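Novice: Given next are the chains, with one letter for each unit.
Number of protein chains: 4
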Amino acid sequence: MAGSSFGTIFKLTTFGESHGIAIGGILDGVPSNFELDINEIQLELDRRKPGQSAIVTQRKESDKIQFLSGIFEGKTTGAPIGFTIHNEDQKSTDYDHIKDTFRPSHADYTYEKKYGHRDYRGGGRSSARETASRVVAGAIAKQILVKQNIHIQAYVDQVGSIKINDSDLNSLDYSVIELNPVRCPIPSKAIEMEELIKQVRKEGDTIGGCIRCEIKGVPVGLGEPVFDRLNAELGKAMLSINAAKGFEYGSGFSGVEMRGSKHNDEFLENGKTKTNFSGGIQGGISNGMPIYFRVAFKPVATIIQEQNTIDKYHNSEKIVGKGRHDPCVVPRAVPIVESMAAIVILDYLLKFNATLLK
Amino acid sequence: MAGSSFGTIFKLTTFGESHGIAIGGILDGVPSNFELDINEIQLELDRRKPGQSAIVTQRKESDKIQFLSGIFEGKTTGAPIGFTIHNEDQKSTDYDHIKDTFRPSHADYTYEKKYGHRDYRGGGRSSARETASRVVAGAIAKQILVKQNIHIQAYVDQVGSIKINDSDLNSLDYSVIELNPVRCPIPSKAIEMEELIKQVRKEGDTIGGCIRCEIKGVPVGLGEPVFDRLNAELGKAMLSINAAKGFEYGSGFSGVEMRGSKHNDEFLENGKTKTNFSGGIQGGISNGMPIYFRVAFKPVATIIQEQNTIDKYHNSEKIVGKGRHDPCVVPRAVPIVESMAAIVILDYLLKFNATLLK
Amino acid sequence: MAGSSFGTIFKLTTFGESHGIAIGGILDGVPSNFELDINEIQLELDRRKPGQSAIVTQRKESDKIQFLSGIFEGKTTGAPIGFTIHNEDQKSTDYDHIKDTFRPSHADYTYEKKYGHRDYRGGGRSSARETASRVVAGAIAKQILVKQNIHIQAYVDQVGSIKINDSDLNSLDYSVIELNPVRCPIPSKAIEMEELIKQVRKEGDTIGGCIRCEIKGVPVGLGEPVFDRLNAELGKAMLSINAAKGFEYGSGFSGVEMRGSKHNDEFLENGKTKTNFSGGIQGGISNGMPIYFRVAFKPVATIIQEQNTIDKYHNSEKIVGKGRHDPCVVPRAVPIVESMAAIVILDYLLKFNATLLK
Amino acid sequence: MAGSSFGTIFKLTTFGESHGIAIGGILDGVPSNFELDINEIQLELDRRKPGQSAIVTQRKESDKIQFLSGIFEGKTTGAPIGFTIHNEDQKSTDYDHIKDTFRPSHADYTYEKKYGHRDYRGGGRSSARETASRVVAGAIAKQILVKQNIHIQAYVDQVGSIKINDSDLNSLDYSVIELNPVRCPIPSKAIEMEELIKQVRKEGDTIGGCIRCEIKGVPVGLGEPVFDRLNAELGKAMLSINAAKGFEYGSGFSGVEMRGSKHNDEFLENGKTKTNFSGGIQGGISNGMPIYFRVAFKPVATIIQEQNTIDKYHNSEKIVGKGRHDPCVVPRAVPIVESMAAIVILDYLLKFNATLLK
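Keeping their order, the protein sequence lines are chains A, B, C and D. For the first sequence, the working numbering gives the first residue as 1, with consecutive numbering after it. For the second sequence, the working numbering gives the first residue as 1, with consecutive numbering after it. For the third sequence, the working numbering gives the first residue as 1, with consecutive numbering after it. For the fourth sequence, the working numbering gives the first residue as 1, with consecutive numbering after it.
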């Protein structure tokens, strides 16, 4: 069943496999008459692309965006924006060894069983390469949101067990984020994380991480209870990203241990709250405070170590990862998290508009 | 914008406020010709209803289900099942004090700002009373799933900082769950949790908790990448429950600290995996192993202590909780978690069927 | 699969069988803070209800609406409006003869084959009784639209071969419509039609008819190409009504015989067009001119004559219609057509709002 | 708001303007492991493409399909099929005269007012060029349906007032259809129609027409009452095609004049009906008889005659059509009608599958 679309009013549909001709998408419901900065979209793609630093995969993809429709004389027309990103570095021979063998904790097995036929090269449709299309849509959404004074910033706050202290969260310098390859806003932590990633890679291993995202400037009122709560849709968006294993917003899992008397956010006369354990969302609706959430990513499944597995005939096999893979997914996942957040927020902003009648 | 529906093929739409005439819903897309056990549905409602034990709210609601359509001679007809649960214990006067005043960390403020007009009595639409309709739908889904050998079981695994040890997760006795008011499968932990809840209530305070849910018997193939992954939809379903602050499946947030070499689930010749850090889902698709996830719930916002807040004119106010409320939400949330899981799984089972052509 | 919902932003979901306990629905996405006139809703139901005149079925249903949620102190809250209409005149014994026998051109056969189990009483879910729920939603939509200066009026323009002349369409007196039982705006035609219906009924037979609907005051811009054109959604809405066999808007089927030079609507300086063969919609988007369309309804399938048919075991049977049925469906279908039109227009008005950003 | 998607389980999303770089689409929810005949898809496109005969536009477009994803080793993978068709014959200068002027009965005015900015070249998004993407999707759907023994055939049954007689409908020779440029199954009528089209073109004028479509082999049970009736969705699909003004199925508008005693379709012991005024659909669900319907298309709006209109500043203007346009749309619309029918039928076949549980 069709599962490659996200959003209701502002809707992204993606296509494409890791080693096919191209990936791409259609972005429908884009507000019209909006002047797009195409360079800025490319820059967002560059934040996600392979080969950008020493701690990510060295696969070579220039990830050049080509727009096919929906933009005329530099401005959106309201018609769907079709776009493609051609696949360049298609060393498909890297993947002959997995043609009939299931890599542990990859999607090889489930795709084979569900669809009966799969493009195994580089993981095919299950590859995180698909997320480049999300970044295109997210970059467009972000440009529109900025004009509404809504700003989204994600960063790495944990790699393995190296984590930003809660006490440092309120004094972060976001301008530092893009200055280090890990995308961590605390330079000293960034160095520790980078060292850990390098160490892990040296061992032919991988490591997990967390991304924290903050959204400022969201007006009161976004969210459609009871099922389409803003937090629920943000959660779905984040959990739809490859390798995501968990989502929490506001106080999240740590809020479980708190008392209500401590956790409750008292209102101030300006409508703001004194604390923000709610994470900017109450009853599934934005309350005007900054929205923040965290996403957990598992260690990348491709490791350069021998593992036991089975082939498609269920015979035991040994497998060793080949190809050029990320030792840790979070540095490149930062723009993906921001993009999915931007798509959700813009979609809900438009949903909110939809209910207003003079 | 319409946000009160959940599911695509098997779809629940709910209505109703805490202190209106009735709550209820429409369950559409129900497989036809299925013999329903109405008593069992009522028993599920009883697991959620107030007044069931000393550690939950003493509000009195018999929560008697009335079915209006879609069932004929005891069997589903494929037509939508309409149902209502009448509200009985409507001490609306309990809520006069919040008519113009926003309770901290409730949805009063956001509903007021979003809609401009709200039924403030008992939280109105934002009340968790709405979840009774979900339990009706979930109970029906569970009956259908059981016939497909799919079994869903949730339980409380954390209250405050009292938590089941990971090492005990594999030897749990599910038959114990309904024997204690906390719904914890380890009797000694259940007693500790119960004591904590009682202590917290005595202080006029509240405490958070976590629910763990396990789904056994799910066939390989459920999930619709790339956006409608099974884990993403489960996450949305759980995060749509009142007071939910986080969701993780498989290794979740703790998987972040693991190496890939440890985290990867090796395949065995029977298609099962040796470990199950994947939580039964790979690439967004069920892999035939048990699915498990956890949901974090914040402490209930209503406390019997004085708090600072504002009224609708943004003047400072003091407020003290009245009414009869839960000191901890998780014991009653267990059937809600199971219900939302059942709705998701059945919807995805039907989605999976949809793609099969001879 | 769930098929009982209509609309995206303003969404109606219905439930209920002809002879069950009640029919009803949930109307979600209703703009908040809107003062509803409940009496007016009841009056719209009365326009549809049985027994209102000598030329419709004499089944007795008071069709009293009961609202269960979503309205507080007389105004909408933005929460879903749940409502029920109880079935009163349930002479189910009238239907014992069709328990196992398929009435020709009814839905008995298709429901039996599709669902394997059906509530045969009065047609069950396939009965036009369900449309009462649509009238409730439509009446609410109409009240909201009137405040936006959008007015919807339907009327009968054909019964059998008695038809309003095209030349009379521009000088119709709408105030006459509700003054005759046929709901035809030309009194002399109304009398002819009424006579025909009475004659047909006397013969134990039935006859078809057409309804024309005009919508004035729709702003330019409603419609979402390329698939969700305003005319396409209006067509779907009308074709979802029981017994509808055709839909045409603007010049419709007669436009086929015209030349482009005649059919094209020249623009005037005020943005209006000189003619309106387009029917107020160009490229799937409203152009500010009146929208008009026609819906064809077949003769009612229940006739008081002996017919050949088969039973569920595919044995030949004779059947004679019992029960109290309409000899012609169009007089009572007028408010249904208006209601579906109102739901579509309001939904598209909200969709249009959704795309506007400052 | 996003309106460029059609279908639920089998879903097409399209993009592209008449004179942009390319048009194309994403087809999601395609059953996997199906061997596609790419040549056959191209042949279907060729039936729609310009320049194929003397009575259609002489615009030159080779309409070569390029598939970018979703197909591996000749078979579908279940992943979305992305595809593009590049625009070649972009004589954009043909359209400078309509940059600021609204062509009567085109979508220029409504797009300008709705979106505030439009690609005016060749009608941009409102051009029927977009329907080539529908033909790609339809060709794929048809291949899948044929394997299920479902066959779809459309043909021209009316041009202007030249029409196939009802009495000839049962003895049509479908093999004739593709042998004449009009696509009419009666050679003598085809010649008359062709002459009329040539005459009309000589006058710089255009003419309307009707397409009839028949679908054989549909199993009993397709359709999702009460709103998503099979006929309602077919109607929406057809009315979403450029220039469509009306839809009728079964007896349609002519059924209005019939008595129930004549119109009712008696059941035979094999479950078939003696007549088929129902058009293969009863109560919104297919009954196993052939489904047939008709679609009315208006005369093409572009004429080579001077017309009065206004510019974007609402000043009076004269306009004369340029460019190379069709004098009558129906010959090229035949594969479009078939394609939309195929998409609907396959989507409903999958929806029907979705509800079946062992």
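No lab work stands behind these hints, which were simulated from the structure alone. Bear in mind the structure is a predicted one, so any value in this text is a computation, not a measurement. Yeah, the Cβ is synthetic: ideal placement off N, Cα and C, and Gly gets one too. Don't take each hint at face value.
To be verified - Pair by pair, the computed Cβ-Cβ distance ranges are: (1) A:Lys262 with B:Pro219: 39 to 47 Å; (2) B:Ile38 with C:Asn39: 55 to 63 Å; (3) A:Tyr313 with D:Glu73: 12 to 20 Å.
Said to hold, decoys possible - List time: in silico BS3-like cross-link candidates among lysine-lysine, alpha-carbon distance up to 25 Å: (4) C:Lys274 with D:Lys75; (5) A:Lys262 with B:Lys163; (6) D:Lys322 with C:Lys216; (7) B:Lys262 with A:Lys99; (8) A:Lys272 with A:Lys262; (9) D:Lys322 with D:Lys312; (10) B:Lys322 with A:Lys274; (11) C:Lys216 with C:Lys272; (12) A:Lys312 with B:Lys322; (13) A:Lys272 with B:Lys113.
Novice: Does each hint fit the structure? Answer for all of them.
Specialist: Going down the list of hints, with the structure as the test:
no. : hint                               : in the structure
1   : A:Lys262 with B:Pro219: 39 to 47 Å : holds, 45 Å
2   : B:Ile38 with C:Asn39: 55 to 63 Å   : violated, 37 Å
3   : A:Tyr313 with D:Glu73: 12 to 20 Å  : holds, 19 Å
4   : C:Lys274 with D:Lys75              : violated, 54 Å
5   : A:Lys262 with B:Lys163             : holds, 20 Å
6   : D:Lys322 with C:Lys216             : violated, 34 Å
7   : B:Lys262 with A:Lys99              : holds, 24 Å
8   : A:Lys272 with A:Lys262             : holds, 17 Å
9   : D:Lys322 with D:Lys312             : holds, 19 Å
10  : B:Lys322 with A:Lys274             : holds, 23 Å
11  : C:Lys216 with C:Lys272             : holds, 13 Å
12  : A:Lys312 with B:Lys322             : violated, 62 Å
13  : A:Lys272 with B:Lys113             : holds, 13 Å
In this structure, the hints that do not hold are numbers 2, 4, 6, 12, in rising order.
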